[in-house]
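*Asks:* Each chain, letter by letter, is given below.
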Amino acid sequence: MDLSLKPEHREFADEVRAFTRANLSPATREKTFSGKHYDKDDHVLWQQALGKKGWLPYTWPKKFGGPGWDVTQRFLFENVLAEEGAPRIIPFGVKMVGPVIYTFATDEQKERFLPGIRASTVSWCQGYSEPGAGSDLANLRTKAEKDGDHYIVNGQKTWTSYAHWGDWIFCLVRTDPAAAKPQEGISFLLIDMKTPGVTVRPIIMLDGSHSVNDVFFDNVKVPIANRIGKENEGWTCAKFLLANERLGIAEVPASKRGVSMLRKISDEPSMAEKIADVDLQVQALEMSELRALSTMALGGAPGPEVSTLKVRGSEIQQRIAELAMEAVGEYAALYQPGMLFHDTNETPVGPDHAPPAAPRYFNMRKTSIYGGSTEVQKNIVSKAILGL
Amino acid sequence: MDLSLSDEQKQLQESAERFAREKYTFENRRKIAATERGWLPENWAQFAELGWLAIPFSEEDGGIGFGPIGTMIVMEQFGKGLVLEPFLPTVVLGGGMIAQAGTTAQKEALLAPMIEGKKQFAFAWLERQSRYNLADVSLKATKDGAGWSLSGQKGVVYNAASADQIIVLARSAGGAREDKGLTLFVVDAKAKGLSRRDYPTQDSLRASELVFDKVSVGADAVLGTVDGAFSVVEDAVDRAIVALCAEATGCMDAINAATLEYIKTRKQFGVAIGKFQVLQHRMVDCFTNAQEARSMTLMASLKIEDKDAIVRRKAASGAKVQIGKSGKFCGQSAVQMHGGMGVTDELSVSHYFKRLTMIDLMFGNQQHHLTRYSNLSMAA
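Heads up: the sequence lines are chains S and H, in that order. So the first sequence is numbered by my numbering: it starts at 1 and just counts up by one. So the second sequence is numbered by my numbering: it starts at 1001 and just counts up by one.
Same shape as in the complex, but just chain S:
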């Protein structure tokens, strides 16, 4: 058991840093540090650069195009990227549907879909939640009815992040409305967003931003060949995907960056102690995450204990955003959407870090709700680990 870095790991970190500095657009980097929202290109051009290097699918087995890194390399990769201001990798392709495909799909489906995910030439979004199926995901109603060699899909998905940028969507659909348990009538279906009958409608969030959407399916014809795994066995894929989602979502590297940014913007004594407190919370979370990764590296699958990582990760993200707003004071009251959403020559009113402070605090309230709410995560741990 050893915390120190071997020389080859230090070299690896240097290589990642040099690559990032050479390939991450300065404009994108600037958006990270100024709290401005990204455009599609900010994400995609960076991801495509990583893809060309073979680094985008960095958690995938070598057999499917992963670079074959150990836990330490993955840890360093994520941390260096965050330090250098790279936008977080959009998880829906690389971290969610990609692993589902290489685990459950046919060879033909793997050949069809994995290259576009590895290279980030195809953008994916996640069709899970519905108005009546949030925490109770199994209660989903979007149905897929067989018609020859197609399914006809009707229904509505909601909270679909980046559906307005998406080329494809992976959906949980109901293929057996009469199943004894709702989980037993669900299939995992990949749908081309350009298929006639698919409509995307923006949902505006409380900070005025647009990243999530409603997606409506009106008699959408989807080839049965787009189904991953067996009919009515989609819940297995869903659970596999959700466990991976919970592992990646703690956002430790970004929170570390957040703590060091906090120290730059405030030196008041009471604030310094609050920053120290959240700094220590981040360290505890980081070590917990490393322990989970270490278990996985030895061949274990992420267990229900990763749910605690998501809960603590979200609380920390929220606390950092809260402190960043507190550090601004009264100037956080001014709403300056030009600074957040557009390329503009306007100067911010108040300190440079003022414009995104309150919007980000508001926006981060979603982290304890999405990806399985804190309440759901605690139920999982309570049942699966504590046996209550």
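If you're looking for bench data, these hints aren't it; they were derived computationally from the structure. Predicted model only: the values in this text are computed from it and were never measured. Do not rely on the hints blindly, as some may be mistaken.
Restraint-style ranges between C-beta atoms, simulated for each label pair [what the hints assert, rightly or not]: (1) S:Gly338 <-> H:Ala1045: 46 to 56 angstroms; (2) H:Ala1379 <-> S:Ser4: 45 to 55 angstroms; (3) S:Lys378 <-> H:Glu1022: 53 to 63 angstroms.
The calculated lysine-lysine pairs, modelled on DSSO-like cross-linking and capped at a C-alpha distance of 27 angstroms, are [said to hold, decoys possible]: (4) S:Lys378 <-> H:Lys1275; (5) S:Lys383 <-> H:Lys1275; (6) S:Lys264 <-> H:Lys1328; (7) H:Lys1264 <-> S:Lys383; (8) H:Lys1328 <-> S:Lys256; (9) H:Lys1325 <-> S:Lys239; (10) S:Lys181 <-> H:Lys1267; (11) H:Lys1267 <-> S:Lys143; (12) H:Lys1264 <-> S:Lys181; (13) S:Lys264 <-> H:Lys1214; (14) S:Lys36 <-> H:Lys1328; (15) S:Lys378 <-> H:Lys1031; (16) H:Lys1328 <-> S:Lys274; (17) S:Lys274 <-> H:Lys1325; (18) S:Lys383 <-> H:Lys1267; (19) S:Lys181 <-> H:Lys1275; (20) H:Lys1143 <-> S:Lys378; (21) S:Lys239 <-> H:Lys1328.
Note that beta-carbon positions come from the ideal geometry of N, C-alpha and C, so glycine has one too.
Dock chain H against the given chain S, drawing on the hints supplied.
*Replies:* Just chain H now, kept in the frame of chain S:
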């Protein structure tokens, strides 16, 4: 000891409650927020007609003498409705300072027309570096013949775009953070040399950045005594803080009611989510927080005109700490319990959350007032 409302106070409460309920449905509020002014002159005219603009002022000043309790009553209903009309800057702050420190001539020229609904005010004290310190003022007031010349900048000035007069806190003497050497000036909003950049705020109000470039004012523009403005400002701000606490209490009641309704009706796993004990206990905690916020607001409203300045300041700071804490708890809990819907612009819950957040930021956040209360308590 009698903590009940008198008949007159009850009538005021009913009348304010009806205004908020009828004129400030959430859809109406959205429409008003989308106008350029950000509030409705017809609503303000109704306030004038109902005598609300006269609430805090003595009868000899042309008011109805309902004092801080009267202010508390209307501000609470304004909080419930997320009302946008600038009662705080114009009546509580502007009117309050003129009533406390103004000459008879100034009261006739400014306070009386304001009470009739004919004038709007803004209070410009904050500067880029001030951070909750009312004495951290550098905008310079230089003697210029019989009058003065004002140069410098002010920030986050609520209602400046609608104001007829801007009451400006300037440094006439002393060092950058000394509380001696501050003077209040009443400046015409159209004064030569005064320019503005206007902004919406996170919670749909309106504020501005002001630049004063050698703005000339007469000797009669001085409000109160030269170099002696600080105690007037401190009192006015403490009264405004108590008014904000009342507004926050109204917001908490509304957000809690909306959340309670949501968890009673939203079904997942075959039952209303309000059946889950975790949410039940959390809802109780929200309810308790709102109760304590109401109690501290009432306590502060009763103490804010005490003849002992320490009592007044501790009352204001104590209440502000409470509503910072409770407002955050109720706001964050309401959003969480609404699930994904809580973080949309569509529902009113996020708007109440944003208003509660901004109230904490105004005139000193929870931490600032905890420190102030602590310092005042140690010194006693």
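*Asks:* Against this structure, judge whether each hint is valid.
*Replies:* Okay, the hints, checked on the actual structure:
A C-beta distance of roughly 34 angstroms is found between Gly338 (chain S) and Ala1045 (chain H), which places it outside the suggested range of 46 to 56 angstroms. About 52 angstroms separates the C-beta atoms of Ala1379 (chain H) and Ser4 (chain S), a value consistent with the hinted range of 45 to 55 angstroms. A hinted range of 53 to 63 angstroms for the beta carbons of Lys378 (chain S) and Glu1022 (chain H) is inconsistent with their spacing of about 42 angstroms. Taking the CA atoms of Lys378 (chain S) and Lys1275 (chain H), the gap is about 17 angstroms. The hint holds against a cut of 27 angstroms.
Simply put, Lys383 (chain S) and Lys1275 (chain H) have alpha-carbon atoms about 18 angstroms apart, close enough for the 27 angstroms limit, and the pair holds. The straight-line distance between the Cα atoms of Lys264 (chain S) and Lys1328 (chain H) is roughly 25 angstroms, inside the 27 angstroms bound, and the hint therefore holds. Between Lys1264 (chain H) and Lys383 (chain S), the direct Cα distance comes to roughly 25 angstroms. Compliance with the 27 angstroms bound is thereby established for this hinted pair. The suggested pairing of Lys1328 (chain H) with Lys256 (chain S) holds, with an alpha-carbon distance near 25 angstroms, which does not exceed 27 angstroms.
Between Lys1325 (chain H) and Lys239 (chain S) the CA atoms are separated by roughly 38 angstroms; this puts the pair beyond 27 angstroms, and the hint is violated. Simply put, Lys181 (chain S) and Lys1267 (chain H) have alpha-carbon atoms about 18 angstroms apart, close enough for the 27 angstroms limit, and the pair holds. For the hint linking Lys1267 (chain H) to Lys143 (chain S), the alpha-carbon distance of about 20 angstroms falls within 27 angstroms, and the restraint holds. Among the hinted pairs, Lys1264 (chain H) with Lys181 (chain S) is consistent with the structure: their alpha-carbon atoms are about 25 angstroms apart, no more than 27 angstroms.
Only pairs whose Cα atoms come within 27 angstroms are accepted, and Lys264 (chain S) paired with Lys1214 (chain H) is rejected, the gap being roughly 35 angstroms. Note on Lys36 (chain S) and Lys1328 (chain H): the hinted pairing holds, with a Cα-Cα distance of about 25 angstroms set against a maximum of 27 angstroms. Distance check on the hinted pair: Lys378 (chain S) and Lys1031 (chain H) sit about 40 angstroms apart at the alpha-carbon level, beyond 27 angstroms; violated. Restraint check for Lys1328 (chain H) and Lys274 (chain S): the C-alpha separation of about 17 angstroms stays at or below 27 angstroms, so the hint holds.
Taking the CA atoms of Lys274 (chain S) and Lys1325 (chain H), the gap is near 16 angstroms; set against the 27 angstroms cutoff, the hint holds. Between Lys383 (chain S) and Lys1267 (chain H) the CA atoms are separated by roughly 21 angstroms; this keeps the pair inside 27 angstroms, and the hint holds. For the proposed pair Lys181 (chain S) and Lys1275 (chain H), the alpha carbon gap of about 22 angstroms is at most 27 angstroms, so the pair holds. For the hint pairing Lys1143 (chain H) with Lys378 (chain S), the CA-to-CA distance comes to about 66 angstroms; that exceeds 27 angstroms, so the pair is violated.
This hinted pair does not check out: Lys239 (chain S) and Lys1328 (chain H) have alpha carbons roughly 34 angstroms apart, beyond 27 angstroms.
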